[in-house]
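Visitor: Going by this note's numbering, the first residue of the sequence shown is number 91, and it counts up by one from there.
Worth flagging that the hints you see were computed from the coordinates, not collected in a lab.
Among the hints, a few may not be true.
What the hints assert, rightly or not - Straight line, CA to CA, 30 Å or less: simulated DSSO-like cross-link-like pairs of lysine-lysine: (1) Lys170 <-> Lys283; (2) Lys277 <-> Lys170; (3) Lys281 <-> Lys170; (4) Lys277 <-> Lys236; (5) Lys170 <-> Lys236.
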Amino acid sequence: MPRSNKDAPTLQVDDVSPFMEAYRTLKANIEFASRRRPIRAVAVASAVPGEGKSTTALYLASAYARAGRTVVLVDGDIRKPTLHQVIDRRRSPGLTDYLLDPGMMPSYVLTDTMVGAAFIGAGRSVPNPSDLLASERMTELIALLKQAYDMVIIDTPPILAAIDAKILAAKCDGVLLVLESGKAREKAVLKAKTELVQANANLLGAVLNKMNRKALDPYSDYYGK
Numbered sequence: 091m092p093r094s095n096k097d098a099p100t101l102q103v104d105d106v107s108p109f110m111e112a113y114r115t116l117k118a119n120i121e122f123a124s125r126r127r128p129i130r131a132v133a134v135a136s137a138v139p140g141e142g143k144s145t146t147a148l149y150l151a152s153a154y155a156r157a158g159r160t161v162v163l164v165d166g167d168i169r170k171p172t173l174h175q176v177i178d179r180r181r182s183p184g185l186t187d188y189l190l191d192p193g194m195m196p197s198y199v200l201t202d203t204m205v206g207a208a209f210i211g212a213g214r215s216v217p218n219p220s221d222l223l224a225s226e227r228m229t230e231l232i233a234l235l236k237q238a239y240d241m242v243i244i245d246t247p248p249i250l251a252a253i254d255a256k257i258l259a260a261k262c263d264g265v266l267l268v269l270e271s272g273k274a275r276e277k278a279v280l281k282a283k284t285e286l287v288q289a290n291a292n293l294l295g296a297v298l299n300k301m302n303r304k305a306l307d308p309y310s311d312y313y314g315k
């Protein structure tokens, strides 16, 4: 578990918990949207830091894997990656290493038995992350991963912190906007949505994170463990 980054999510995978049920519901909603347009690559973003986008990407990948799908989780937050710490895998070689010097893809893909998904770390630090992510090579990589896996999930930096999220969102089939209940501010959310629209990204919807489920769902005690 991560010790040096207090913002990193804590991994708790429990198939029978209401927590995991929420992510299975999110997976199902994405599949409903896929009936109109195939969705095989999803970017997970937030307006500002600390709203739970990495947690959402991680558990969404787990939900797909536990449903028998092949899934790869990509840490596209090159500037401040955390996923490799959470699942105890290496950061590099990873995404930036491949984009700088393409090699055999399997050498960059790690098997993460903890959540059942393959994993590609952010890779080594680079001075120009947005240029790398905007490259044709990144577009080709997403296409390759879509051929190899049923679902590609990419964790991105916060939308209002860097242009990287908009770049990745535009290259994916859809993007989820993660918002923290009680923290998200209307102006920031609207600005983030506007930036995604301007990037011609397919906004699938918003994920309200850290909400009080019991206060909103009177059946949570009946169906939850």
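Visitor: Decide, hint by hint, whether the structure agrees.
Guide: Cross-check of the supplied hints:
{"no.": "1", "hint": "Lys170 <-> Lys283", "in the structure": "22 Å, holds"}
{"no.": "2", "hint": "Lys277 <-> Lys170", "in the structure": "24 Å, holds"}
{"no.": "3", "hint": "Lys281 <-> Lys170", "in the structure": "22 Å, holds"}
{"no.": "4", "hint": "Lys277 <-> Lys236", "in the structure": "34 Å, violated"}
{"no.": "5", "hint": "Lys170 <-> Lys236", "in the structure": "25 Å, holds"}
The structure shown violates just one earlier hint, number 4.
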